[in-house]
Structure formats: C-alpha cells, structure tokens
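S.K.: Chains as they are written, first to last, in this note's numbering: chain C, 6 to 240; chain W, 1210 to 1433; chain P, 757 to 980.
Honestly, the hints are just simulated from the structure, not real lab data.
Heads up, a few of these hints could be off.
To be verified - Taking CB as the label site, the calculated pair distances span: (1) R854(P) with A124(C): 50 to 58 Å; (2) R74(C) with R877(P): 36 to 44 Å; (3) A124(C) with L1343(W): 30 to 38 Å; (4) I100(C) with R873(P): 52 to 60 Å; (5) F1331(W) with G878(P): 49 to 57 Å; (6) P1340(W) with L63(C): 36 to 44 Å.
To be verified - The calculated DSSO-like cross-link candidates involving lysine-lysine, where the alpha carbons are at most 30 Å apart (straight line), are: (7) K1288(W) with K846(P); (8) K225(C) with K9(C); (9) K846(P) with K866(P); (10) K1288(W) with K868(P); (11) K1288(W) with K866(P); (12) K234(C) with K9(C); (13) K868(P) with K846(P); (14) K225(C) with K11(C).
Note that the structure is predicted; figures quoted are calculated from it, not measured.
Where a beta carbon is used, it is the ideal one built from N, C-alpha and C, also for glycine.
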Amino acid sequence: MKAKPKVLTGLDFLSAVMVLIAAGLVFFYAPVEVQMGAVQKVFYFHVATAWVGMLGFLVAAVAGVFYLRRNEVRWDIIGVSAVEISLVFFLIAIIMGSIWARPIWNTWWTWDPRLTTAAIVELIYAAYMLLRSGVDDPERRARFSAIYAIFGFISVPLTFISIRLLRTIHPVVIGGAEAASQGGFNMGPSMQWVFFFSLVAFSVFFADLLWHRIRLGELKSAVESLRVKAFQEGM
Amino acid sequence: MRSYLRAVGAVIWKDFRAEWRNRENLSAMLVFALLVILIFNFALELDLQARASLSAGVLWTTFIFAGTIGLNRSLAVEKDRGCLDGLLLAPVDRSVIFFGKAIGNLAFMLLVEAIVLPVFNFLYGLNVFQPGFLGVVVLGSIGYAAVGTLLSTMVVQARTRDILLPILLFPLTLPVVIAAVKASQGFFQNLPLGEFSVWINLLVAYDLIFIAVAFMVFDYVLED
Amino acid sequence: MIPRTLEKTVERAMRTFPAVLIIGPRQSGKTTLLRILATLSRPTSGLVRVAAYQLPQAEADLRNHLGLVSHQPLLYGDLTAEENLQFFSKLYSISEDRIREVLDIVGLVKRKDDLVRNFSRGMQQRLAIGRAILHNPQILLLDEPYTGLDQEAGEILDSLLLGNAREGRTVLMTSHNLVRAANLATRVDLLSRGRITASVPTSQLGSKDLIEFYREGLRGGGPV
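Make the full structure from the sequences, and use the hints.
M.R.: Laid out in structure tokens, this is it:
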C-alpha cells in the first residue's frame, strides 16, 4: 500500500493555512461595501467556491476524454473524484448566494436565468452520480460516466449563453454592466486583492481534496482487482 | 457511402415497419401528450391572457415528455431478444445505428407533434401553422432526438433504465427547451423576427454541436 | 461477473480443425470467448487474432465473414421472418434471392409471413441460424445452439454444421450436449475458469473417453 506522499501532507497544511488567511482577509481586511453592508463579504467565498465547482467539471470532462481514448482506470477515478467534490463546492456556492441574496433582493431564491443555470448544472452532476449507481459493470460505468461528463460540460456554455441573452437581475460583476441588474458594485483595489486571494486559496483546497479522493479511489480499485484475482485462482 | 446510407435507411425502415404493425409506441406517445395537455389545462387554468405566454411552455413540456416515452421504447426494442447484438455484428459503421435510430426517433416525435399541434390550435386558438414556428418545432426536436438517442442507448444497458433517461436527458436539453420556448413565444406573439432570431441561432448551434459530439462519442457507448 | 482476460494470443488453427467444440462448466467463460471472437466484446487484456484479422483494428472487415448464433435469437418480434431476413440482407448487402434460399435451408418457407414473436423457440432458433448464414460467412460461431431445439430443428442444425465442414467453413461451437456436438466436431477444447486447459482431436476420442476427458480436464490438466 502506498504511503501518503509528503507533498500531500504539505498541501494539506498549505490549503488549511490559505483558507484561514482568506477568511481573515475577508473579515478583517476587506472594506465593508457601502450599499450592501457586511453581507457583501459572502461574495468572496461565493465566487471562489463557484469557480472551483466549475473547475471540477472541466477536470471531469477532460478526464472523460482521456478515459475514452486511453481506457485507463485512473482517469475514471479522477473524473468521479472531481464531480463528487465539485458537487459539494457548487452547492456551497449556491447556498452562499442565497445568503447574499436575501437582504439584497429580498428573497432566498429567484428563477432568474443565472441561478436557474446553476441549479441545472448541479442537477447534471447529481444525474452523473445517479448514472454511476445505475450501472454495475465497472468498465461500462466508467465509459458512460466519461461520456456524460463530456456532454454535461458542453451543455454548460450553451446554457450560460442563454442567460446572457435574457435580462438578468444577477449582478454581472465581472464583465458588462447592465442597467437592469441590481446589486452590482465596483471593486476597489483592496477588494480585488482579497477576491483573487480567495480564489487561489480555494483552488488549492480543491486540489488537496481532489488528491485525497483520487488516492481513495485508487485504493478501492486495488482492492477490487485483488478480489477478482482471488476469484480467478479459485480461492 | 451508398452502402452506408442504405444501412441507415434499413434501420429506419425496420423501425417503421415494426411500429406500423401495432403502433404501440406511437399511440402511447400520443395519448400521453394529450393527457399532459389536459393536466396542464386544469393545473394552470389558462385564461386567454396567460395563454399566449404560457402556451409555448406547455407545448414544449408536452413534447419533451412524450419524446422520452418514444426514446425509451425505441431502444428497449433492441434490447429485447438481443437485437442490439445483431446490429453490432453487421459490417457497418457503428454510427449507422446512431443515425438510423435518431432519425427514426425524430420522425416519431414529429409525427406526434403533427397531431398534437392542431389539437392545441383547436383548444386554445393559437396559430400554430406558421412556417417559422414549425421550423422551430423541427429544430428543437432534432436536438432533443439526437441527445436522447445517444443517452437512451446508454441507459438501456443500465440497471435502472426506466428512471434514468429523464434524469440524464432533461438537464442536458434545457438549452433546447429554453430556446425553443422563447422562439415559439416570438412567433405566437407576432414579434418582429429580429427580436428573437437569436434563439433560433442558439437552436441551430445546439443541434450542430450535439449531433457532432454524439457522432464522435457513439462508438464508445456500444463498445463492450 | 467473469473478468475478461484471455491469457495468451488466442489463435484458432482453422485449417487443420475446421469444427471445434468448446466445452466447460458454467461461468468458465465460453460465452465471453465467443463474444470476443464475434467482435461484440473486447478483452480487458491480451491480443486476439481471428484467421488473418488482428482485432480490434480489423474488426469491421472480420464481421463480413462472421456469423453468430447465440442464445438469444437476435430477431425482431414485430417483423415477419422474411422481413427480418430482408433487414439483415440490407445490412450485409446481400441480394434478395438468397433470402428465399436460406428460408428453404432452415425449413421456414411456409412461415415466412408470420411474425417472429409468434414463433416457437425452435423456429426462432432456426431463423436465427438462417440469419447467421445469410451472408455465407467463412466462420460460424454458435453458443449453445441446441438449447430448446426440437427434433426437427436439431437435425437441420446437424446437417448444416456437417455441410459447413465439408465446404471448408470453420465452425466454433459451445455446447452442454457433449455427445451430439462432439459427433460434429473435429476437435474438442475444454475451457475452465477462462483458460483452455485441454484439447484433443475427436478422431482420438470415443464417446466414453469424452466424458473422461471432461472430468480430467476439470481437475486441472495444465495449460495447452
């Protein structure tokens, strides 16, 4: 059994530290936004976790392509690890979004396009997990998951474009500003700092979790091969 | 090339011939579609004002649900008696199976839609016979049938096949539904084409992208 | 679920032994082996070569020369016998006259317009055999073909297989029906837990020896 690599332990430490620093920066360093007040600070973690959630989907789709071409189990493990973790990160992002929305828009949820898309994306990955549980043969399961991950990932930009075309009340902080959107704000330089740091901190955290989950998957796969070998030898 | 087209034609011919025998699939789709419209009628209590904006949504929801039934059945037939293996044994490219099944599924969907639309017109007085709108119906159905065929080919090999197809299919085809509904609304409300042509573009883009991806990936669905 | 590992290059010595019978207990991998040779499954490791065709690259070419009769008939219930053969003849680019010929060989000319779903198991299997020989394949793979066959159908199969060997076609068959099948084979292989553990030409076997051979091989006679 492979021992836990030292680099991973280092990464554990690094991600814990970075997330703590990010939290510190958010609470103590970043200025309080004039119009929205303290609740705006949710933004830093909200965007960071959403970004990481999307990153995970990219990883799963790429892993899917590699699995189909190379037929190596490790790509399947990477794929399912990425989706599992992203599922949680994205859910956190949605919840944080709600927390931010409540005082600003006066509602926990609205069926505006961007939020609806977020819900859809989350559902695609829940569907991915359901697909996996519905297929018993491991090779087939890996293949189907890879295919679905690719499809899921491609449908996301298309869904996203349909948002941009519809008027949205969701703040378009990065990119064009629309008169119809409420809750947009300008980011001052200290805010930008905290924002980017949070982004990086959560990316590191994601990488750390991903590595752990991949290791878990590989161990599981090793156990499975041993079991099959035992059967073959007629034990 | 000719043998390729002949093979695709053969798959389509086979499905039509088999369906024509007892028309089980078509009647199931049709009855289901009409029931859905009926349920929506009561659930939403559509009044004249609301109709114009809601009707596009009701229509497309109906098509989506009826489509799922057709898709499931179409691939279940191949699983029965191991027919899928028969197709796989043939010296034809795997994509023949994809195009043959997808076109067959599309044809069934269009057939059901062709019957449902006049009914809709009769019940709600909406002008469904505009060529632009019919074009949207075709475009939306194409995208749905393409992705649906690929997914149902996958799903029919899974254990939880009955519930899995809608769960996998609906989130992926949301862009189609959104675009189709918006474009349909544009036609129903007689808006100038320029205002909503973007949705038609989106439909075309979706169709092209997903047909291409499905084609590239289909071999892997059937590999064993 | 048995893992699909073929331990070494599986090469059938077709010229010397045109009709091979593979026997073995359940779960030994007989069906898996046949599926791999029929290009329906891929081994998880190892190389496969069938005649001059290296798999998986030459899969498509090989299929032109393969016929498979498996436990499932691979036929469409909602089509008639003739329509089923018509469908497959289109996929294999065979002329329609051959259909008549095949129906004759399997003795189903009188039932050609009946729906396959109304056929007995024996008749379905006969039609399945017809489907398998439609394109005159060089290699015929049969998985437990005698299961559920009535007397008449069994005899048709017997004469077909004998005829094949005479015409230089290769037959690979799995069967539980040791004695009957061994009469038609020129070689018998024993498959146990995914490995061929023994092999003997039938000319060296009497029917009592066959059962001994089976028991001996199961006790682990070592790889061939």
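S.K.: Hint by hint, say whether it matches the structure.
M.R.: Here's how the hints hold up against the structure:
1. With their beta carbons about 57 Å apart, R854(P) and A124(C) fall inside the hinted range of 50 to 58 Å.
2. Between R74(C) and R877(P) the beta carbons are some 43 Å apart, a value that agrees with the proposed interval 36 to 44 Å.
3. Between A124(C) and L1343(W) the C-beta distance comes to about 31 Å, which sits within the given range of 30 to 38 Å.
4. Range check, I100(C) to R873(P): about 54 Å between beta-carbon atoms, so the 52 to 60 Å window is met.
5. Hint check: F1331(W) to G878(P), Cβ distance near 52 Å, so the stated range 49 to 57 Å holds.
6. Between P1340(W) and L63(C) the Cβ separation comes to about 41 Å, which falls inside the hinted range of 36 to 44 Å.
7. With a CA separation close to 21 Å, the supplied pair K1288(W) and K846(P) stays within the 30 Å bound.
8. Between the alpha carbons of K225(C) and K9(C) the distance comes to roughly 15 Å, so the proposed pair stays at or under 30 Å and holds.
9. Of the supplied pair hints, the one linking K846(P) and K866(P) holds, its CA atoms being roughly 22 Å apart against a limit of 30 Å.
10. Pair hint K1288(W) plus K868(P) holds up; C-alpha atoms about 23 Å apart against a cutoff of 30 Å.
11. Simply put, K1288(W) and K866(P) have alpha-carbon atoms about 28 Å apart, close enough for the 30 Å limit, and the pair holds.
12. Only pairs whose Cα atoms come within 30 Å are accepted, and K234(C) paired with K9(C) is accepted, the gap being roughly 25 Å.
13. The straight-line distance between the Cα atoms of K868(P) and K846(P) is roughly 17 Å, inside the 30 Å bound, and the hint therefore holds.
14. The hinted pair formed by K225(C) and K11(C) meets the criterion: a straight-line CA distance of about 21 Å does not exceed 30 Å.
Violated hints for the displayed structure: none, as all numbered hints are satisfied.
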